[in-house]
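Trainee: Here is how the chains run, residue by residue.
There are 2 protein chains.
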Amino acid sequence: MPNPTAAMLVIGDEILSGRTRDANMHHLAQALTRHGIDLCEARVVRDREEAIVDAVRALSGAFDHVFTSGGIGPTHDDITADCVARAFDRAIDVRDDARAILEAHYDRQQTELNEARLRMARIPEGATLIDNPVSAAPGFTLENVHVMAGVPAIFEAMVASVLPTLTGGAPMLSQSLQIFRGEGDVAGPLRKLAEAYPDLSFGSYPFQRQGAYGSNVVVRGQDPGRLDEAMAELHRLFPG
Amino acid sequence: MPNPTAAMLVIGDEILSGRTRDANMHHLAQALTRHGIDLCEARVVRDREEAIVDAVRALSGAFDHVFTSGGIGPTHDDITADCVARAFDRAIDVRDDARAILEAHYDRQQTELNEARLRMARIPEGATLIDNPVSAAPGFTLENVHVMAGVPAIFEAMVASVLPTLTGGAPMLSQSLQIFRGEGDVAGPLRKLAEAYPDLSFGSYPFQRQGAYGSNVVVRGQDPGRLDEAMAELHRLFPG
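Protein chains in written order, with the numbering used here: chain P, 5 to 244; chain C, 5 to 244.
One should not assume that every hint holds.
Any copy, or any two copies together, can satisfy a pair, since identical chains are not distinguished.
Restricting the straight-line Cα-Cα distance to at most 25 Å, the calculated cross-link-like pairs of lysine to any residue (SDA-like) are [unchecked claim]:
#: 1; residue 1: LYS196; residue 2: ASN118
#: 2; residue 1: LYS196; residue 2: ASP86
#: 3; residue 1: LYS196; residue 2: ILE83
In case anyone wonders, no lab produced these hints; they're calculated from the structure.
In isolation and in its complexed conformation, chain P is listed as follows:
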């Protein structure tokens, strides 16, 4: 049975303007690979209602899971929750269970739960909360969309909360060989090897180091025995 599929949606004016560099995509990609869920696409869109709604609809229709990052804080530019609600035509309002989590958190901190902070308790009808052990304000899952914060420490904690609840497949395994020859020399034998192992995927990624060209060949698959076989062949083709 093929693995479940997933897409990531980053709500990210900050990334598209070049002011900050996304860190969550790399973390999610590694976590999903370990869990046996295939990350098939990632999108970064602007903090605009139409862009977010359209992307949520397109990705949730095309993949088993969608993971979003960013735009669920207390400020006026945090519109992700409302957009996800709209994408599924659900009502959204402050929900008692989310409000109780925030009340307890801000009581402990002796901080006022003001109108802005209360925005973080806006949860679409029918959603399940995602635990946030870092700063309390919860994420949520609506249909197949998991809505999480953009701050890396919180995003990672939320991924750790959600992933164990999702059925994974066989983890995708990979092995690689660094070959100190240009891709143009590697390409011919590698193509034949890839044809002989149609159940594995073969990628070649060139590098240049101290003026010399090389290729990292990466072999991926779910059967460790087949992976070992292909790697042995690769070592025979490119010894040393």
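Go by the hints and put chain C onto chain P.
Mentor: Chain C in isolation, oriented as in the chain P frame:
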């Protein structure tokens, strides 16, 4: 007049599997912002024909420019050029001008221009070549799609070749203020400020440092005078 718009398309099994971290998106975002082109969306898709063709069609229809990264080398998994040709229903074959560039390069290196390397001279009908001062094999522009290599040093050199040929708008300027208060305290006054300056965009990005919460407020716009005004207001609202 609004700035030209752009999208980026990363052909990236390597990134989606979590094995490597994309570096080109951040570089392109910064280069486009300086040039006055608004990067509105970025997508990472798998090295699969359908995924690439669909994304090229969708993005080239929605934005003024599309910049692609990856998949134009000599190996079997380099399918970007063929996919871009298919997206625009163009023929693709080895083209004389591209072959001449490769011949000169590999002659200098005393390296054989074998069948695999010659694949890098496959250029869609009607495309314009993009200069590659690093490793010769050219990128190309077809319609509004600029096809570039994935290796960061080559990607960056190709961006530097292409950008001066594109009309930019007014560069998007930004200023930021680090406020050592939680977003929940910043949110109310910030919303009012954003309403008073509808020509600027206001983003708030929380951080946590040594146990204390803070917010980076970023103001963006094209008019330096308005930006200065808004920043002065922001300093008045959050002194110290």
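Trainee: Which of the numbered hints above does this structure break?
Mentor: none
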